[in-house]
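Spelled out from the first residue to the last, the chains are:
Protein chains: 2
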Amino acid sequence: MKEEKIKQNNSEESDLAITKRSKDYSQWYLDVIEAGKLADNSPVRGCMVIRPNGYAIWENMQKVMDKMFKETGVVNAYFPLFIPISFLNKEAKHVEGFAKECAVVTHHRLELDADGKLQPAAKLDEPLIVRPTSETIMYDTYSRWINSYRDLPLLINQWANIVRWEMRTRPFLRTMEFLWQEGHTAHGTNEEADERTLQMVNVYKKFCEEYMAIPVIAGMKTESEKFAGAVYTTCIEAMMQDGKSLQAGTSHMLGQNFAKAFEVKFLDQTGERQYVWQTSWGVSTRLIGALIMVHSDDNGLVLPPKLAPTPVVLVPIWSSEEEKAKVLPVASTIAKSISEKLNINIKVDDREMRPGPKFYEWEKMGVPLRLELGPKDLASNCVVAVRRDNGEKEKVDQDKIIEYIPKALQNIQDSLFNKALKFQKEKTKKVDFYDEFKKIMDGDGGFVLAHWCGNARCEEQVKEETKATIACVPFDQKKEKGKCIYCGEESEGRVIFAKAY
Amino acid sequence: MKEEKIKQNNSEESDLAITKRSKDYSQWYLDVIEAGKLADNSPVRGCMVIRPNGYAIWENMQKVMDKMFKETGVVNAYFPLFIPISFLNKEAKHVEGFAKECAVVTHHRLELDADGKLQPAAKLDEPLIVRPTSETIMYDTYSRWINSYRDLPLLINQWANIVRWEMRTRPFLRTMEFLWQEGHTAHGTNEEADERTLQMVNVYKKFCEEYMAIPVIAGMKTESEKFAGAVYTTCIEAMMQDGKSLQAGTSHMLGQNFAKAFEVKFLDQTGERQYVWQTSWGVSTRLIGALIMVHSDDNGLVLPPKLAPTPVVLVPIWSSEEEKAKVLPVASTIAKSISEKLNINIKVDDREMRPGPKFYEWEKMGVPLRLELGPKDLASNCVVAVRRDNGEKEKVDQDKIIEYIPKALQNIQDSLFNKALKFQKEKTKKVDFYDEFKKIMDGDGGFVLAHWCGNARCEEQVKEETKATIACVPFDQKKEKGKCIYCGEESEGRVIFAKAY
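Listed in order, the protein sequences are those of chains R and H. Numbering of the first sequence is given in the working numbering, commencing with residue 34 and proceeding in unit increments. Numbering of the second sequence is given in the working numbering, commencing with residue 34 and proceeding in unit increments.
Don't take each hint at face value.
[Said to hold, decoys possible] Mimicking BS3-like on lysine-lysine, the simulated pairs with C-alpha atoms at most 30 angstroms apart in a straight line are:
1) R/Lys298 - H/Lys150
2) R/Lys512 - R/Lys463
3) H/Lys103 - R/Lys391
4) R/Lys96 - H/Lys103
5) H/Lys440 - R/Lys103
6) H/Lys103 - R/Lys103
7) R/Lys440 - R/Lys239
I should point out that these hints are in silico values taken from the structure, not numbers from a laboratory.
Please model the complete structure; the sequences and the hints are all you need to start from.
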């Protein structure tokens with residue numbers, strides 16, 4: 034069992050240096066999380082505490098996505114945390130996929146033993162598992178809710194916590210407990226379920242690109258990488274700064290697999306009883322891991338303005354009480370005007386500290402735009418604006434600040450996306466020879482577009498020899514004759530290989 | 034073990050009659066939940082499924098309260114679902130309060146046995162409990178986050194699911210798993226923690242009265258009713274239509290009890306290490322139970338406009354295709370204008386059904402205001418508006434509808450509150466003799482204002498003999514000499530006795 038832990042740190046005010054990416058990428062990631070006050074270790078192995086700064090990002094993500102889901106007709110509901118052990122066994126592939134990593138509740142009471150230690154007491158007749166995903170418990174209910182074609186489509190989402198007993202954990206990217214949303218729909222036709230599967234992976238793509246400023250490749254998972262119980266799995270894949278791929282969201286076409294296992298049937302227009310067609314789709318707090326790994330730098334967190342809990346901070350500067358008395362009221366007026374006219378969350382940092390450490394702190398926290406206001410700026414009726422993403426400074430007329438802010442934030446948002454897209458394109462290579470393939474995977478990594486014959490054995494061998502897996506078969510794959518990178522057999526097109534998180 | 038279950042019902046379209054309150058209040062409650070599509074039974078004992086209509090009410094509650102909390106400086110975070118068993122044992126009263134009702138995770142894997150049945154495998158070194166409340170896991174973390182007075186106050190809330198292994202369950206009111214928020218604050222002085230305790234119970238009072246339209250009595254719990262581990266507990270109590278009291282929210286002053294158990298210390302301004310003073314406070318999906326029990330009637334759910342997922346429904350009426358073609362476009366224009374100008378969620382029910390069953394359905398779902406638009410209304414440029422709370426009908430000029438709706442909704446909101454307040458006042462009686470007290474508790478119930486000497490033994494005896502407990506010692510209790518309703522000893526004021534949910 035291995036757990037990558039954030040360093041324990043006893044002081045909120047500390048300014049521990051952040052490890053450079055080039056020196057130790059894994060440690061850099063953990064340092065950014067600590068410096069940005071995003072998460073902390075917990076006394077429970079593999080579970081993290083999501084700190085207010087991290088949770089506020091999740092709240093922003095939820096707000097945006099929840100609206101996007103609802104615009105497609107989805108409604109929210111809530112299903113039980115616990116699942117009877119027998120439910121898992123109803124879909125053969127599903128149980129294979131999840132049985133090895135389930136937290137199992139076996140007792141419902143604690144009693145003190147002779148040594149004064151609390152021990153489990155009152156054994157359950159049937160143990161319960163803590164949901165690793167909710168297909169089984171939800172579809173058991175769907176079987177009672179759905180009777181006729183008039184009950185379809187059923188489009189339900191839930192925001193919930195999930196537990197998977199992972200052996201190797203890393204904050205946000207892979208934790209034993211995580212937060213997510215899981216959408217579960219039921220349809221009257223195969224086609225409609227196909228469409229919904231695609232629709233939702235496209236919602237995720239839009240969210241990642243427009244809000245997270247992360248370019249993603251949408252495509253299909255291979256048979257060996259698909260969800261346990263699905264007919265096929267679609268996904269979006271994002272490239273991290275270390276050249277690895279991160280699966281940022283998945284949308285599964287379940288066909289009638291679960292409908293048959295849970296007897297979810299409906300009376301169609303012709304009066305015939307049919308099994309429904311289903312989809313499920315989800316994203317999790319893992320997205321915060323992606324956000325960190327794509328945009329942040331050696332100075333700490335970098336956040337896209339659209340998801341930053343505090344898009345703008347204003348740091349007033351003074352070196353005497355007299356200056357302070359002049360600067361603070363103006364700072365407060367400017368901040369109030371930005372907050373009220375633009376409905377933007379802005380903080381005024383008027384703590385009794387030197388400005389340097391304040392700048393440094395907000396930089397580590399990833400605040401996209403910093404405004405500085407000192408006595409000189411007061412005299413020239415200006416504010417100094419500093420971008421977190423590229424460090425550029427600009428003097429802005431105080432009268433123009435209301436026009437300036439939204440443009441500057443949009444610029445930052447666009448720059449972040451374009452920078453990430455440029456990086457992704459540069460690190461995506463067409464490769465036709467296995468030697469070159471291996472060299473890339475041994476080196477800087479990235480996405481490798483290579484031909485694959487479709488045989489799971491080749492996929493397996495490549496994984497064993499290079500640790501690279503097939504991230505996806507991109508939707509925009511070109512028809513192109515070629516030879517499998519591993520076995521040389523005929524192939525119809527290139528797929529994306531990468532090392533994966 | 035007893036579980037009050039919603040009737041299983043195989044059809045979404047059914048119009049099962051709702052049991053009258055006068056006939057069977059408990060069954061009425063379950064029928065309203067079913068007819069309003071608020072919740073359903075689940076295959077896990079004591080756990081319910083919160084259906085989209087019920088969850089949408091919870092979402093509205095969350096939105097309002099989250100804003101109210103944040104306005105007092107609170108931020109959200111997320112702590113682990115699991116708590117090491119040893120943590121619970123650190124605060125003596127706390128373990129007493131919760132050990133008997135904990136779900137215990139003992140294994141982290143499932144394996145098939147010889148009969149092909151899944152069985153728990155891979156035993157944990159230390160069992161974990163599923164949080165019944167999060168004081169212990171949070172304050173363990175607080176002990177690392179808090180170092181100096183500059184880290185205080187720490188004001189954190191979390192929205193989470195909670196598990197308490199209750200023997201007797203009832204949808205929303207008492208379920209094994211429920212959703213809630215729990216605020217946990219740490220302060221540098223006793224006074225500040227006192228103030229926060231009071232501040233939050235007042236936030237709850239404001240929310241209940243202004244949004245839920247439920248009048249509540251705020252006060253103190255007695256020693257025997259207080260939270261396990263608190264110095265004192267404040268609460269709000271609401272009267273249900275059966276005369277019982279429902280504890281709608283609690284705010285606890287924890288003093289230094291948990292700080293001492295978890296070593297949460299800070300360096301004060303004088304350089305001395307002190308334990309922090311703490312509070313915790315919460316409300317849960319139980320509030321939905323209160324909402325149902327206070328306002329609903331024999332025709333089903335009644336919702337206050339401020340929390341109704343759909344405050345207005347528009348039912349177009351036609352008896353020929355020709356009429357339909359005329360009515361529908363106008364209905365749609367009116368709905369669009371209401372939605373856009375007033376930002377109110379409105380549904381147009383254009384299903385191919387007769388209007389009667391539609392009216393009946395929306396009535397059962399508690400929609401506060403129903404608009405009807407038929408050919409005659411079209412001719413007279415009118416809309417008919419029908420209030421859910423009192424059935425009053427009104428013809429409204431189509432040109433005036435935008436002015437009319439907000440006023441009508443506010444009227445409904447106010448009427449619901451006033452009706453509930455009138456009921457509460459009528460069923461609150463000053464009682465000085467134990468015979469009368471017993472008669473009331475044997476009969477219609479209600480709040481009884483009676484003198485109590487402060488002795489826990491009298492409280493216990495009264496409970497045993499009448500099932501009534503002390504709902505609270507109201508904050509606005511008048512100083513008044515009197516004699517304890519049970520023992521006749523001197524008393525300084527009246528407390529509220531009631532049977533409780």
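Okay, which hints does this one fail, numbers in order?
-> none
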